[in-house]
Every structure is written in structure tokens, then in C-alpha cells.
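Peer 1: Fit chain to chain and form the complex, with the hints in mind.
Just so you know, the protein sequences line up as chains L and H, in that order. Terminal number for the first sequence in the UniProt record's numbering: 717, no gaps in between. Terminal number for the second sequence in the UniProt record's numbering: 519, no gaps in between.
Derived by calculation from the structure, the hints in this document are not laboratory data. Glycine is no exception: its CB is placed at the ideal position from the N, C-alpha and C atoms. Just so you know, not all the hints are guaranteed correct.
[Stated by the list, open to error] Simulated restraints, written as ranges between beta carbons of each label pair:
id, chain 1, residue 1, chain 2, residue 2, range
1, H, Leu367, L, Gly428, 35 to 43 Å
2, H, Ser298, L, Val697, 31 to 39 Å
3, H, Asp71, L, Ser236, 48 to 56 Å
4, L, Arg215, H, Lys196, 32 to 40 Å
5, L, Gly428, H, Gly407, 40 to 48 Å
6, H, Gly219, L, Asn534, 23 to 31 Å
7, L, Glu567, H, Gln464, 29 to 37 Å
8, L, Arg707, H, Ala277, 50 to 58 Å
9, L, Ser236, H, Arg13, 50 to 58 Å
10, H, Gly43, L, Pro325, 26 to 34 Å
11, L, Val697, H, Pro257, 40 to 48 Å
12, L, Val697, H, Arg410, 16 to 24 Å
13, L, Gln590, H, Lys196, 19 to 27 Å
14, H, Gly43, L, Glu65, 33 to 41 Å
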Amino acid sequence: MAERSFAKEVQKLKLGEGQEFTGEGILAITKALLQCGVGYVGGYQGAPISHLMDVLADAQDILGELGVHFEASASEATATAMLAASVHYPIRGAATFKSTVGTNVASDALANLASGGVTGGALIIVGEDYGEGSSIMQERSHAFAMKSQVWLLDPRPNLPSIVAAVEHGFELSEASNTPVMLQVRIRCCHVHGSFIARDNKRPAMTVADALENPRRDTQRIVLPPASFLHEKEKISKRMPAAIDYIRRHGLNETFGGEGKVGIICQGGMYNGVVRALQRLGLADLYGETRVPLHVLNVTYPLIEDELVRFCEGKDAVLVVEEGQPDYIEQALGTMLYKAGGSVKLEGKGMLPMAGEYSGDVMLAGIGGFLRQHAGDLLAPEIRAPNVPAPPIWDDLAKAVPARPPGFCVGCPERPIFAATKLAEEELGKHHIASDIGCHLFSIMPPFELGATTMGYGLGPASASAFNAPDAGRRSISFVGDGGFWHNGLTSSIGNAVFNQNDGVIVVVDNYYSAATGGQDILSSRASNRTKSTNHPITNAIRGMGVKWVRHVERTYDVGLMRDTLKEALTTPEKGPKVIVASSECMLNRQRREAPLKKKAIAEGKRAVRTKFGVDEDVCTGDHACMRLSGCPSLTVKHLDDPLRDDPVAAIDENCVGCGNCGEVADAAVLCPSFYQADVVSNPTGWERFWSTLRGRVIASLQTSRERRRLSFEVAQP
Amino acid sequence: MKYGLPEGDDATRGIVKIAILAVGGQGGGVLSGWVTDVAQRTGWHVQSTSVAGVAQRTGATIYYVEMMPRDPARGDARPVLSLSPAPGDVDILIAAELVEAGRAVLRGFVTPERTTLIASSHRMLAVSEKIVPGDGKASPDTVLRRAGEASRRFIHFDMETMAKKAGSVVSASLFGALAGSGELPFPRDAFEETIKAGGKGVDASLRAFALAYERAASGDGEHEPAAPAVKPKPANTPARLRDAWNGLLGRVERLPPPVRELAGPGLVKVVDFLDPAYGAEYLGRLERIVAADEEARSWAFSREAAKYVANAMVYDDIIRVADLKTRPARAARVRTEVRLREGQTLRTTEYFHPRMEEICGLLPARLGAAIERRPGLMKSFNRLVDRGRRIRTDGMLGFGTLWSLAGLRRWRRGLLRHQVESRHLEEWLAVAERERASDYALGVEVLKCRRLIKGYSDTHKRGQSKFDRVLSCLDLLRGRPDAADWIRRLREAALADADGVALDGAIRTVRSFAEPSSG
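Chain H extracted, bound-state conformation (with noise of 0.2 Å):
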């Protein structure tokens, strides 16, 4: 494939072309510096240019060099070299990162009869896939697909994590994949000595120059190994508790496979937040939506429904989040967070910011619910809570706070949230029901809406406040063949922003088609 004019006899083919893109601050500098460098330790013409500027601050750069060997014929004559690389113009490209080599491809920088591509396929996620409420993630199968097809040949695998494993950085192992690739006729040892001579973490760059190396030299460039499947599993089962947890387990086996699935880990999920017999509620639950189910639907209604269950049963209280924080499983992770190594300690700070509003759900339900019926009272307790508690949890005052909070568990059915909680729980339940007796489709769609809500305080919120707009189209749509479709695009629009700017165009839109014009 080519790319504007077509070339004849193109005098520039005896210039290897090389573009690197990456995100500021990723270290392109040095790595065009190392390769600028080896051609130059060779004996080579070499010519490098970068824009730097501010789009190093984390933004999309580029570096480009050009190399040649010398011409014995023609003695000191220097060649003329560009400054800036042209589409359908690049021998070897260095995207380091993945969706970096996805915007060469579209730049038109790499093309299948000429260039290999080398990529290191982790992802540095740009701000605006970040900040939206759903899943902003771009889609890594689509660049791989891409990048493949527009390549004559492509190296890829995760470098990143290559270079942390030996202590070093994405330049270094980018630069190994460079030599490993077999692409620049330099021995292995000049780009060794270039490393050598920068002087700065050179043990842990050659490590990760080595690794990087023999994989992309292995030709075994082109796959990841499958991340092993990490699998929860009771790992401590009182006696008193043994037997109704294995009754709880049976009960799973008996739901049809497709369920199964999913209420394994929602039982599971269910039980840690409160107790075996909050399990044997969520099964029975999930048992009547099974009942009235059927096969030839695959169980599609059933399925949400163990998923979603689980997540409204588990809501995220004071308590859960005291439980969650004072586990031994926490710590543990933590300290590998931060490589805690021997003769270290470590302090942890937990950034707490509770209202009346949380307090009270922690209240006996007629308690807390008379205070909030009290807007003054609320103002003036909320005056003594409402600030932010910084709490650690290696010490004995803050760990042993949080650790009673997350023992008032045991009480929690009769506290204000629960109930709050549950009664959102049936009635949500029950329009998911009820719509599924005349569309199945809209009853699916409807107990996906769960999704919506989540979060803590004002953002809990806004997530219940967009779930109940979505659901309220419920009564314009019914009827319709398209509804379960539009619940889905309302759905959809919710998670798209935070102000739920598009969820009100969507909300628009259903109204003008479905309500009688009034003229």
C-alpha cells in the first residue's frame, strides 16, 4: 500500500528511516538519543529531531532520525537528510505505548510493504478515557487488528512491565526490542556500549535491554501469555458455619449453568458483606427470578439478575468500607504496593470524609430516620461530623475505630441504611419483573440499570438520580418494540458523562417521538 504521490526511483531508499512516538515524559529523548548514538559509534551518517516544547508534559511526541552508512567514494560529503518523517515513508517505527502505534498507523506512518512496527502493548490511558463515569477504555483488540494489517512486520508485547521487572524503564526495553528486531545491521554489543556510555541506571537498563532483546530476537514477539485466572475461594470456614455454607453452595448447583456463573461469585459476595443467612435471602431471591425464567430465553433475566442482586445487596456503607480496610488480606496487598522491603516500616492514612447523612444510616433505623426528618437537627449535627478524618490504620486509636465500626455488621439489618437500601432493592426488582412479563427483553435491560448506582455521598446521588430518569421513560416507551434498545441507549448516555448532559439529549429525544405533540 502507498501513501500520496507514487515514488519511481527513489534515491532516499539507502536511508533507514526510523519514527518514534510516545508519551511526554516516557523517556522518546533518550531512546532517540541511544539510537541516534549506536549509528553513530558504527561509523554512520545519522541525523535526529525531535518538537519537544511543551507537549512533553504528558502529551503525544514524536522524534525522528535518519541514518545511512558512509559512502567511501564520497569522502566527507555529508547526505541530506530530512528533518520530519513523511507517510509511507518509515523503514522502522517505536510506539511506546499501544494506542501510540494505533495514532502512527492513522498518521499514516506505518505501511505494510515497507515498515516493522515495534510497540510496547501496555496502555498509558489519555485523560479523556479516565473521566468518564462508565468505561471510557479504548479498545486495545482494534489497534492490535490495525497495527497488524498496516505493518510488514509487528513486534509487540508489554515492554513496560518488562523494563520495571528489571528495575529500569519503557526506553530501555524499547531500545532492546530495536536491536532484538534484527532491523538495523549494528551488533548487539554497539548498542550495549551506547547504553554503557549514557552512564545513568545502566545495570538496570541492560537488564531490560537483554529481556526485551531475546524476546523480540525469538520472533515471540507477536503474542502475551494468557494472565493465569486468579479464583476466590473460602479460605477459612468456621465449623458452626460449615454446613450452612455448604447448603448455601448446593443451592447454587442446582441453578441452570448459565446462572451459575455469576451467582457463585455473588453468593460469595453477599456472604462476605454480612453473614451465610444474607446469602440464603440473596439465593432465594435469585431462585423465584429462576422459577419464573425460562430456558429458551438462555436465562438472560436470571443472569443479570444474579449479578445485579449481588452488587444492590452488598451497598457500600460506613461499615463495609471499615471492614474492607481493616482486613489482613489489605494490608498484605498494600505492602506489596509499595514493595515494602525488610527493616522498613510503613504507615497507612486512611482519607475518610463522613456527613450526617452516613452517620445516620449507621443509626437504628427509627432513630436515624427521625433525625433526618429533622432538617434543623441535621444541620447542626452535621456541623460536629461533616470534616475530613484522616485515620491511620497501622496505629491502635484509628485501626480499633475502624475495626469496631466494621463489627456493628452484625447489627446491620436493623440500622437505617439496610432498610433503605432494601426497599430500593424490591422495588427496582419488582419494575424488572413486572416489565418482563410483557417484553423480557425491557425487564433485562431495566435490572441493568443498577449499574448506574454507585459511589458515596453526592455522587451516590447523581447515580440514583440518573437511574431513576432513566427508569421514569419506563411509562413512554412501554409498548414500544424499540424500548428495551432505548433503556439500553439512555443506559449508556448516563455513563457517557458525569453532568448527564447526554443522558438529558437522550431523555429529549425519547420524549419527542414518544409523546403526543400538543398542537
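Looking at chain L on its own, in the form it has when it is part of the complex (with noise of 0.2 Å):
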């Protein structure tokens, strides 16, 4: 069960010929791909692209309909290698994931697909996630498409170009034997537009046509000799094709009419290129340009009699290409130098080698480019700028704090890491490897713990090197069941046993692949109508041949959870210490549970609602209980009283009473100013008869004793 419900999105992919198609790029691709006639389709779930899996896999009533496969891969390698049902059956297919980081587990497959080639059209669709909001390192998927050979389609950004671009996709990848990626950045992926549908379309052949009428041809194996042939079978045939179609199709574009200079774009570039010369009064609001545009929607191969004559009698041309290295404008000096071109190249140097394009970067970049190389196109006001400089604020930088993101309101990996602090404060810091997932929030304050993150599910293979038993202390390790399922148990868990790792590894079990929208996967506690989960991590682990194992199944037991990793970090016993540490990711089960007891409490059934709270005048105002915690919940304010120095503790409404603060008091001895409030809806005869007579003699109590005594009341507002 994913985080959202897609059922509004769809009944979008229902739409037909002619209907007008209204919301966010990467649908408006999942819809282009049944337009197609696509016959399967998998991928990996991750930013940008996790709504293209989320939106098939709620629409399995219409893949049905179509004899569609749609599977959730295990992982891109997965994917990838899925892909391979297009070598010898003229079906397309498309796998999609996250780039760079799917890519580069999926290169193995995609190399031996890209070596074969593909008689089917063979789509894979990269979500980059370049630029300043980004979660993974920064590199380009260019390097990918250059030496597998694959076409790499960066499409404007906008529907109808996406849309098209699938379809060109699929056709240049059946006439040049290729796969094909198609590259949509992060904010195209989300941009909001729409296009003109067509009919979705039954694959002329399906995956189950192609099982009842196997084909085979050794010539598409990769095993020599075929390999070597293909290398050359790349260059002599697939490549020409491939320019052939792009050329024929006039997949790249160009705008504007003659100039003396001229700019070179990537496809998704154009939207931010576009702006900048609207800002210099070069551009109107449509895109007319008095700059000639050359755009390339096919980044890879480079078409190079379209660069050469676009460059013919210029005296410069900007390449506006992001990201590093400057793949596409050294091919381009190569191509100009040899084609004994005189136009003057510019562009890193114009424009930063590294970081995103973003507006202020591109008009910056732009203007200099034309003020050096065509300053009577612009305004006198622009040929000369006189501009103060930006203010610099720097009372205003230091009021305003860093916030980066961090663990959710309620988050059962919270105390995980509350108790890995406590762990740590009896026995001292130990080296800590972290994994991707949202548990690697723990490298934020306040928690400050873990050193390294080397990919997915390669948390514990990245302190592999650290097996030392001779040594006093054991690393300590984190994997997510996301990465687990993923790579982590032949990479990380079986690599530890084989090679006698005597680390301690935590994997956190929080019943979905929760960092990417809260995918089910094997381990997923919930029923899933088209997929098999309720695979115990343990009973996998155990697999593996781990001996030590310890299954915490409430990690919000802040002091077992101190005490296990305890005994993880001193038990005599050889071998890897493995602990499952299971909890429901709080994001989904609200989800999950908040409507069904929304809809009880109505109905006048009983439900109990809990809430954390603190007594003001019990907390001093410590912050204790935050460095252990972080939750957005769990907050501080001052209050109306001029004893009073520091703020204290507080619990905002957003509470959903998982325990965690109440268990970090407990367990690290903190205060007693934590207390949990269970509101009972609806309560039976019984608890309310209960209730009212404690109430009586409480409230006896307290009057006798207020009676006695100098009582200063707050009054309440």
C-alpha cells in the first residue's frame, strides 16, 4: 500500500482519442506508454518516478484490460534485466527508476540489453534527481547512455513533448535494434500541464503470445563470438540507423531564425533557456526568439551535419548543458574542429561546470554570453548593467535555522537511534555505517550518528572492512528492509557470514519501503491483492546461515532496544550479530487507521485516542528530552513567567501518541514531566461508571488538600 491512493490519476489513464489529458508529468508518461501499446512495464520505485509505479500499480483492472504485465521490480538490475523480453519478441517494454542511482545498479543488465540489442522497443525511463533538493549524490546519466550505446532521449519539458518523446522512443529503439533511455528531470517529472490523449493500445503481441510461441536466436546472446560482433554491429548498423530515424523524424529542434550567435540546448533545458532571453527582451512569452535555438531532444548519438551547419556563418554558439563533464561540448568542438568550423564555442566558462541551471545561474550565464558576443541585440540598460549588489543579511542568515528533513511525527526508526545514543553513552562512540532510506536521517542532528553511506542495502557491506575481532569494539551497521530486500541480503547479510563479520547490524523494518512512498515489499505485513508479502526478515536472515539473531517487534521500547544492542556490542559469540528491529512506519498506519477510527467514533463504537503531553512546571527546560528525540511534535515554548529563563518542553496537537518520548524519559532517566493521555470515545457503560467514582474521590482529595492550603492558580485564558 503505497502512501497516496491513485485512483483519481487512474481514470486519467482511461482517457481517449481526443480528450484532453490535465495533471503531472511523469503520468502524463505512464499514459503515453498504453497510448503505445506498451506490453509490459517494471521498475524501482524512488523520487521522481515512484508515481509512475504507484499509479500502474493501482490500475491493474486496466493493464489487465490490455494484457499488460506490470510488475514491482526487486530492484533496478531487476528491471532492467526484465527488459531482456524484448530481445527476441518484437513486445515493448519499459523499466523505470531513479537516476543515477538506478542506473547504476541496473548497469550490469543494461549493459548485456544495450550488447544484444532489443528487437522489441525498449524504453527506460530515468528520473533525474539533479539540483539543489536532491537526496543522492550528483552525476549524469549521459556517462550511462555513452558507453552501454543506448539512445538518451532529454525531451523539452513539457507534456506533449514527453509524450512524443515516449513515442519516438519506442520507434527509434525498434529501427535502430536499441534500447532507449528517456530522461525527465525532478521538476519536469512534477510539472503540472496537459496534452491531447489518444486510445491506449492492446500490444500487438503479448508477454503471454511470446511464452506460448518461445523464439530464440543466438546471434543476440552476449557470449563470444556474438559479443564482439555486436560492438561492431553497434557502430556499422544500430548507430547509423538510429541518426537515420532522428534525422528523418526531426526528433531535434530548432527555433528562431539567422543570427550572428546561437545557443545549443538540452531538451530540458529549453523552459530555463527560454526565460533567460525573455528576461533580456529577446524572447516573447510563446518562445518566438530573435536568438537561433538548436534543442536537443537526443542528447545521444549527436547528429553532427545538424550541430555543423547549425553553427555555419555564427560567430559563437553557447552549449547550455548541465551538469559535468561537458560531454556534449566537447563532442561538439571535436565535430567543429574537424568540420574546420571557425565559430567561436563557448559554454562551461560562460556557465558554471557544476550545479543546477536555475534561473538566476541561466540569465546570468546567457547575459554574459550575448553582452561578450552580440551586445547590439540588447538593451542599452542590459549591454551595461548598474546594479547594486544584493543586500547581505547577515542578522537575517543567522535567524534563520538550517532545516533539513528528518524523521516524521511518531517515526518508529526515532527510538532505534535514541537507543543506539544511549547504547553509545555506556560504551562509547563506535563506527557507524548508514545505508539510504529514511533511517538515514539519523546523520542529523539530533542524533549525529553515522559515517558513511555507500548504496542501497550496502550498509553493513560498507563496514565490512572493519572485522577486527581482536579489537575492543564492533561496528555497527544499519540497513532498511527497503535496501535489505533490495541488494542487503547477498551483499551485506550473506557477504557477513561468509566472511565471519563480527559487526553488529541493525535492520529497520518499518513494513514498507517507506522512503520512497511506502511501497509494499516482501516483508509488508498487509495483504497485497497481486503480491505475495508476509516474508519474515528473520526467517531470510536465519537463510543465510546468521546465528545471532534478535527480533525487537516494538522498537518504541526504547530500553530494549538499548539493552539488545548492548548485548549485540559485548556477546562472546563469533559471527554477525544481526538485529531486526520491526515497527509500522507511523506515516502509513496513519493513513491506514485514522479514517477506519474516524468512521468508528461516528458509528458510537469505542476507540482510544492517545496523546503525549508535558507538565510545564515539572519540565526545567533541559532540552534533554529533544536531543534524544527530534520529533516535530515535540517542541519547546516559553512561558508567561519572568523566573523563567529557558523554554520548556512542549507537545503540539500534531502528537499521535506513539510513546517514544514517554519511553526516552524512562529509559534514559530523564524527567518525570512526560505523561500519556488516552482519550476514551465512546466508552463502555462500565468504564464510564469508573470513571465517574475515581473522579469523585480524586477530586475529594484534591479539595481537602487545596483547602489547607496558599493555592496559586494560573488563571486560565
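Peer 2: So, in C-alpha cells, the structure goes:
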């Protein structure tokens, strides 16, 4: 069960010929796949393509009617390997994942797929997570396309263009027997726009048809001598076929007429370039430009003659290419040199080598280029700028705290790291290896735990060098349940067993692949209509040969969690010590339970709502609880008391009553300020009776004492 | 004010550019969806984008919308709109929280010649603001002032509380403020239609929308109503204590006005802790201090003494906690906080974790001290005591236990903890008074160091040790003109982090210039 329900989006997939589709870019791609008669789709979720997966997962009925097979793959490698179905059969297939992390994982399969080539169109949709909001390291997908020689589409970021790119992608793939990568940047995936839909198409050959009529062609299998022939074929046949297709269908576009200067950009950069030109007074609202523009909707392979022709007769061209290294600029330089071109080639230099090409970067870079090479095009005040420098507001910079992402309210992973901090208080600091997933937020305050992150499911693997049984300390490594099933079981757990690693491994099990949007995985506890779930992680670990396994079934038990960690760190037992720490992702749990509870209360059924609170007069304002929690609903407030200097703890109404703050206060022996309040709606008659009776006794005790003392009540506002 | 390149004939002035800065989980996505929808509903060209991903998990997020009216002359042509906001090029900036408005200003998205800044003035504290042992909260005044300077128009009020009152969330009141600001040329109906079309929590959203709409439309979005002052007052004065209490009030009245301001609340706190006699003890100390103080110094020493002596006298022990948790006012506060409705019942569970140290503090001084002197005995008793206790204060047993513990207060003066605390208080006061004699400002700073002692168990111990370490520098600093300033800096360093890293550094600095070099 994903974080969201996509019932509404699924309806959009049903739109037919001539109807207007309105929605996000990634959803438009999903619709385009069906319009192209795709036979199967696989992928691994992750921003910004999770949507595609989630929507298809909720669209099983439509897919079933069309005979389209959909699969949530175990990893990006699995998804890419799935495209093998297009090797011998004329079936169109698509795989999708987050780039470049997914592309890394996929590259073994990608290389094999690219070597043998395909018969049916094979499209790999990579969602680029590049730029300031990115959660991953910054690299370019371009390199993968070049090294495997698969074609790379980078369409202009509007819905009609990306839908066209999907259609051409399949045809290009079939025309050149080569898989095609469709690169869509994160903002493009989330862009809201519209296009005119066409009818969905049933695949000409379904996977069922193929299964019943198996085929094979030894020439397409990566095994000598065929593999060396593939290498030659890529150059002699497939590349020329691709270039021919791209040229014939005009996949790259040229805008604007003649001019002494021009700009060559990746398709994805088009809107940014036009915006800069608009602001410089050189393009109108609809993109009519006075500076000629050559837009590379296909960034690999480059079409040499198109590019050389665009540069002909120009004094200077600017290449707008996001990310590093500058592959396109280098290639263009070579082309122009060989062609004896005299045009001045600008690119990185005018624009920064690294980083996102945001609006201000683009304006400065293109403005600079034009001032240097075509000053006459610009209005005088732009040609000779005279602007004050932006103000420097140090006081404001100090007043605005950083706000990195962190664990959600009630997250069951928070107590795991509180327990780790407590264990470290007793046993000293340890080397901690982290992994990809929500649990990676442990590296941020207040926990500040974890030294490295080496890749999905590779947390324990990245601690494998720290295997020194003679050392006084053991390494601790984390892996999430998502990472565990993606890659961790073999690369991390299997490796630790085989190499007799003495470290401690914590598997953070929250029942879902939570960071990517709460998709089900093998160990999810829910029943899923189309997937097999409920496979315990502990079984897999024992099956791998781990002897020391502990299962903490409720991570909120901070004391137990801490003691289990301490035991793992100190037991004389050899080999990997694995703790599986399980509790359901609170975001998903709330999504599942909150509506049910609301309904139950409305129907007059008994329901308990739990919330935590802080007694503000008991709290001394030391904030030790915050340093072990970081829960967004646990915050501080200033009391209206002239005798108090520091703000006290407070819990806001977003509290979901997970109990972490009380457990932490108990395990760390902090303070008695926390209380748990359980509100019972529609209590039973018996409960009401007892509650009234107890209330009376308590009130009489309170009154008798109040009568005998001076009491100072803060007047309730 | 302009950033970056100057713009001449900017073709994009016909586009309305709206950026939304929010904290993940605040509903920024819903709001940008609404903004997009209202434009679409009116037949405009509109494009929105976001960078979601993990930043949604409580991090700072940004959504961006561009919109423009359709040009009948251009038919079906689509404009080329940008996918990201640029500094100096935003018309409307919506910040769902106050420091996010500050962040928008820092990023250059708010400029005086064009940007209308609509911000909810409530705070969602960042983790870094909460984990400081002292006060780590960002200064809202700086953000408000700079945001006002940086924007063309600044609409700000607490839209979070407003939304909550309506049973909704901040996205609804932000949408209302946007509509009410009149910055978008769409009628109010169009905005409301958009909310209705969303289909979820429509009535509550519309209520929040309306409240914010009216506030923003009235032009009254610039200032907050002042919070009504809450004054403590004796709610109940038993006849036999009335004279004693009035006598104490009379003594407070005779203190110099600046001291009185704090001695009033101080007296209340102390008497509330124990009894009127304890209040007399407090005032006795204070009167002695005032007698040695002088008006020329604005009674600074006495003022701080009024505050910190009261705090020191009201130490946190089990009796106090049990007392606070069994009071009727506390029960009332919990009921308000959980919004207990008619027909619902409430269970309250307290999280206690007493250790042998706290139990010893509860024993008669000699007995407690005797046990404490025997580590073996402490350890074996501790095995029985040291564990988490969940006490149900809505139940008779749990409530009765705490109520009885609170009753121990009448014997408090003879208990170990009281004696330890009294001794510590006297020592600290003596040091402060001694320093005052030669360096008035230094004496005041020594008093203020009391702020370092807080918390329970280990936290309390850590606070005490920081207090000791700061005061241990007195010998090094005494006689220097900047001695008081250094004690202040040391104290602030001690409050900056829990582990005392900043304090260690500050102490090293003090040693480096105060100790004669050994070479």
C-alpha cells in the first residue's frame, strides 16, 4: 500500500482519442506508455518516478484488460533485466527508476541488454534527481548512455513533448535495435500541464503470446563470438539507423531564424533558456526567439551534420549543458574542429561547470554570452549593467535555521537511534555505517549517528573492512527493509556470514519501502492483492546462516532496544550479530488507521486516542528529551513567567501518541514531565461508571488539600 | 532593489509568478494544487512544479506556479513557462511558516519593487533550535523586520492558529490570505469552488479560508493582537494563613520597585512550594541582600537575587513533582489540551523513573546520608528501585500514591535533599556576595549562573558540574575589568550544548590568558 491512493489518477489513464489529459509529467508518461501499446512495465520506485509505479500498481484492472504485464521489480537491475523480453520478441517494454543511483544498480543488465540489442522497443525511463533538492549524489546519466551505447532522449519539459518522446523512443528503439533511455528531470516529472490523449493500444504481441511461442536467436546472446560482433554492429548498423531515424523525424528542433550567435541546449534546459531570453527582451511569451536555438531532444547520439550546419555562419554559439563533465561541449568541439569551423564555442565558462542551471544562473550565463558576442541585440541598460549588489543580511542569516529533512511525527525509527545514542553513552562511540532510506536521517541532529552511506542495501557491506575480532569494539551498521530486499540480503548479510564479520547489523523494518512512498515489499505485513507479502526478514537472515539474531517487535521500547544493542556489542558470540527492529511506518499506519478510527467513533464504537503531554511546571527546560528525539511534534515554548529563562518542552496537537518521548524519558532517566493521555470515545457503561467514581474520590482528596493551603492558580485565559 | 542582471524589456511581466515555501508535511502540495486549479478554472495558462522526494519529510520544500491570461490572438499557442523560481523574479511568495519567509528573503525571492509576501507568522521550530540546553529559538523580530524591508507588501498573521480554530490546516488559511490579498484577479467564488472540488474536509477548509480572507482583505494583516497578560493570584487563602500571607505581601511592598517586580512571583513560587514560613525565609534573604545593595546600581544584584534565590529554593524533588501532578489545575489543563469532550473518558499515565538517589533525598537527612555513604547498600537498594514506573493518575492507587508523596512536604525541612539544596544555595549566595563587594557586575553574573542548574538525575548532575566549572574560573578572572563579561560568556557557552564542548573551549581560552605561562 503506497502512501497515497491513486484512484483519481488511474481514471486519467482511461482517457481516449482527443480528450484532454491534465496532470503531472510522470503521469503523462504513464499514459503515453499505454498509448504506445507497451507489453510490460517494470521498475523500482524512488523520487521522481515513484508516481509512475504507484499509479500502475493501482491500475491493475486497466492493465489486465489491455494484456499489459506490470511488475514492481526487486531492484533496478531486475527491472532492466526484465527488458530481456524485448530481445527476441517484438514486444514493447519499459523500465523505470531513479537516476543515477538506479542506473548504477542497473548497469550490469543495461550493458548486456545493449550488447545483444532488442527487437521490440525497449524504453528505460530515468527520473533525474539532480539539483538543490536532490537526495542523492550528483552524476550524469549521459555517461551510461555513452558507455553502453544506448540512445538518450532529453525532451523539452512540457507534456506534449515528453509524450512525443515516449512514442519516438519506442520507434527509435525498434528502428535501431537499441534500448533507449528517456531522461526526465525532477521538476519535469512534477510539472503540471496538459496534452491531447489518444486511445490506449493493446500490445501487438503480449507476453502471454510470447510464452506460448518461444523464440531464440544465438546472435543476440552475449557470449563469444557474438558479443564481439555486437560491438561492431553497434557502430556499423545500429548507430547509423538511429541517426537516420532522428534526422528523418526531426527529433531535435531549431527555433528562431538566422543570427550571428546561437544557443545549443539539452531539451530539458529549453524552458530555462527561453526564460533567460524572455527576461533579456529577446524572446516573447510563446518562445518566439531572436536568438537561434538548437534544442537537443536527443542528447546521444549527437547528429553531427545538424550541429555543424547550425553553427555555420555564426560568430559564436553557447552550449547549455547541465552537469559535469561537459560531454556535449567536448563532442561539439571535436565536430567543429574536424569540420574546419570558425565559430567561437562557448559553454562551461560562461555557465558554471557544476550545479543546477537555475533561473539566475541561466540569466547570468546567457546574458554574459550575449553581451560578449552580440551586444547589439541587447537593450543599452542590459549591455552595461548598473545594479546594486544584493544586500547582505547577516542578522537574518543567523535568524534562519537550517531545516534538513528528518523523521516524521511518531516515526518508529527514531527510538532505534535514541537507543543507539544511549548504548553509546555507556559503551562509547562506535563506527557506524549507514544506508539509504528514511533511517539515514540519523546522521542529522539530534542523533548525528552514522559515518558513511555507500549505496542501497550496502550499509553492512560498507562496514565489512572493520572486521577485527581482536579490537575492543565492533562496528554497527544499519540497513532498511527496503535496502535489505533490494540488495542487502546477499551483498551485506551473506557477505558478513561468509567472511565471518564480527559486527552488529541492525535491520530497520518498518513494513514498507517507506522513503520512496510506502510501497509494499516482501516483508510487508499487509495482504496485497497482486503481491506476495508477509515473508519475515528473520527467516531470510537465518536462512543466510546468521546464528545470532534478535527481533525487537516494538521499536518504541527504547530500553529493550538499547539492551539488545548492548548485548550484540558485547556478546562473546562470533560472526555477525543481526537485530531486526520492527514497527510500522507511522505515516502509513496513520493513513490506514485514522479514517477507520474516525468512522468507528462516528458510529458510536469505542475508540482510544492517545496523545502525550508535558507538565510545563515540572519541565526544567534542559531539552535533554529533544536531544534524544527530534520529533516534530515535541517542541519548546516560552512560559509567561519572569522567573524562567529557558523555554520548556511542549507537545503539539500533531502528536500521534507513539510513546517515544515517554519511553526515552524512562530509558534515559530524564525527568517525570511526560504524561500519556488516552481519550476514550464512546466508553462502555462500566468504564463510565468507574471513571465517575474515581473522579469523585480524586476530587475530594484534591479539595481537602487545596482547602488547607495557599494555592496560586494561573488564571485560565 | 534588483538582483543579478538588469532587465530591460522583460517579456515576462504578463506572467504571475508564485513561489510557495513550506515545511514538509505542511500541505504545500495541496496549496500549490489549489493555486493551479483556481487559475485553470478561470481559463488561464498555468504551470506548477515542485521538488518533492525526501525533502517532504519535515525539510524545507518549495513549490512554484506560473500563470497568465489566455491571449485570444494566439489561439492554442502555449506559452513557455519556467520550472523554477529565480531571485528577483517572484510576484507572490507564500511562506507557510515564519522563518521560511526569512529563508525566501535570503534566497532573493522577495524583492521590494515587486514581491507580495504572504506568511503565516507562527513558528515550527527546527531541530537545531530545540536541542540547545538554553534558549535556541531564532529571533522572530529580525525575520519580521527584514521581511518587511524586503517586500513590496507583507501580509502576515498566525494563519496556523486561525486554521486550527476552524478545524483545518494552514494550507486553507494561506489560500484564504492569497485570495483576500487581491493580488490575483480572480473572484472569491473561484477560490472557494477550487476548495469544494477538492472534496476533502471542505467545510473546515472553507471556514479557515474565510477567516484568513477577511483578515487579509481588511488590510489588517500587518499586526498581531497582543496576548492578554496572565497574572498569578492567590485563588485560595485559608483563614489561618491569611495573616501570614498578608504580612509577606507587605514585606514585598517595602522592597524597591525593580526588585518587587520579581520578588512578587518569587514569593508565590516559594510559598507554593512549601509554606508561608518558607516565604518568610525567602524574603529574609532578599531583605538582607537589598540592605547591602544600592539604588545607583538600579538594584541589579537584588533583582537577580529575587529571581534566582526563588528558583534555587524551589528545587525539583519527588514531592514537588507528585504535588504538581495531583493538583486540580493540572487535571484541568490536561483536559483542555486533549480537548476532552462530553461523554469521553480520560486516562492519564505518568512516566516516572526514580533512582536510589532520589529516594535517599526523601529520607530524613541522617538516614539518607548514612545510606549514601555506603555504595554497596546504595547499589543493592537501587536494584529494587531503579526502573521505569508507569503511574495512572486517573486511578485511585496511582493518584493515592502521588497524593501521599506530595503530603510529605510538611516534613521537607528535615529531609536530606532539602539540606543539600540549602547548603548549596548558601554557598552560592556567599560567593556572589563576596564577589559583589569588589566587583558589583561580577557578583550579578555569579547569581545568574544559577540558570545552569536544572533537570533531574544525570541532567541535573551535568548542570551542577557546569555551574561548578564556570565558577571555578572566578579565581582566574577576579580583578580583571572584563571578569563579569567572561563569566557571562562562560555561562552562555555552557548553555550552548549538552556535552560542554563550547564550555571546554571557553575555559581553555580563559586559562590561556589568565594563567601565567610556564615557559
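Peer 1: Against this structure, judge whether each hint is valid.
Peer 2: Cross-check of the supplied hints:
At roughly 37 Å, the beta-carbon separation of leucine 367 of chain H and glycine 428 of chain L lies within the given 35 to 43 Å, and the hint holds. The hinted window of 31 to 39 Å between serine 298 of chain H and valine 697 of chain L is violated, with their beta carbons roughly 52 Å apart. Between aspartate 71 of chain H and serine 236 of chain L the CB atoms are about 51 Å apart, so this pair conforms to the stated range of 48 to 56 Å. The beta-carbon spacing between arginine 215 of chain L and lysine 196 of chain H, approximately 56 Å, falls outside the hinted interval of 32 to 40 Å.
For the pair glycine 428 of chain L and glycine 407 of chain H, the beta carbons lie near 44 Å from each other, so the given range of 40 to 48 Å is met. Judged by the Cβ atoms, the range 23 to 31 Å given for glycine 219 of chain H and asparagine 534 of chain L is violated: they are separated by roughly 60 Å. The hint said 29 to 37 Å for the Cβ distance between glutamate 567 of chain L and glutamine 464 of chain H, and at roughly 32 Å that hint holds. Roughly 19 Å separates the CB atoms of arginine 707 of chain L and alanine 277 of chain H, a value that falls outside the hinted 50 to 58 Å.
With their beta carbons about 54 Å apart, serine 236 of chain L and arginine 13 of chain H fall inside the hinted range of 50 to 58 Å. Distance hint for glycine 43 of chain H and proline 325 of chain L: a CB-CB separation of about 46 Å, inconsistent with the stated range 26 to 34 Å. Between valine 697 of chain L and proline 257 of chain H the CB atoms are about 47 Å apart, so this pair conforms to the stated range of 40 to 48 Å. Between valine 697 of chain L and arginine 410 of chain H the CB atoms are about 22 Å apart, so this pair conforms to the stated range of 16 to 24 Å.
At roughly 25 Å, the beta carbons of glutamine 590 of chain L and lysine 196 of chain H sit within the given window of 19 to 27 Å. Separated by about 35 Å at the C-beta atoms, glycine 43 of chain H and glutamate 65 of chain L satisfy the suggested range of 33 to 41 Å.
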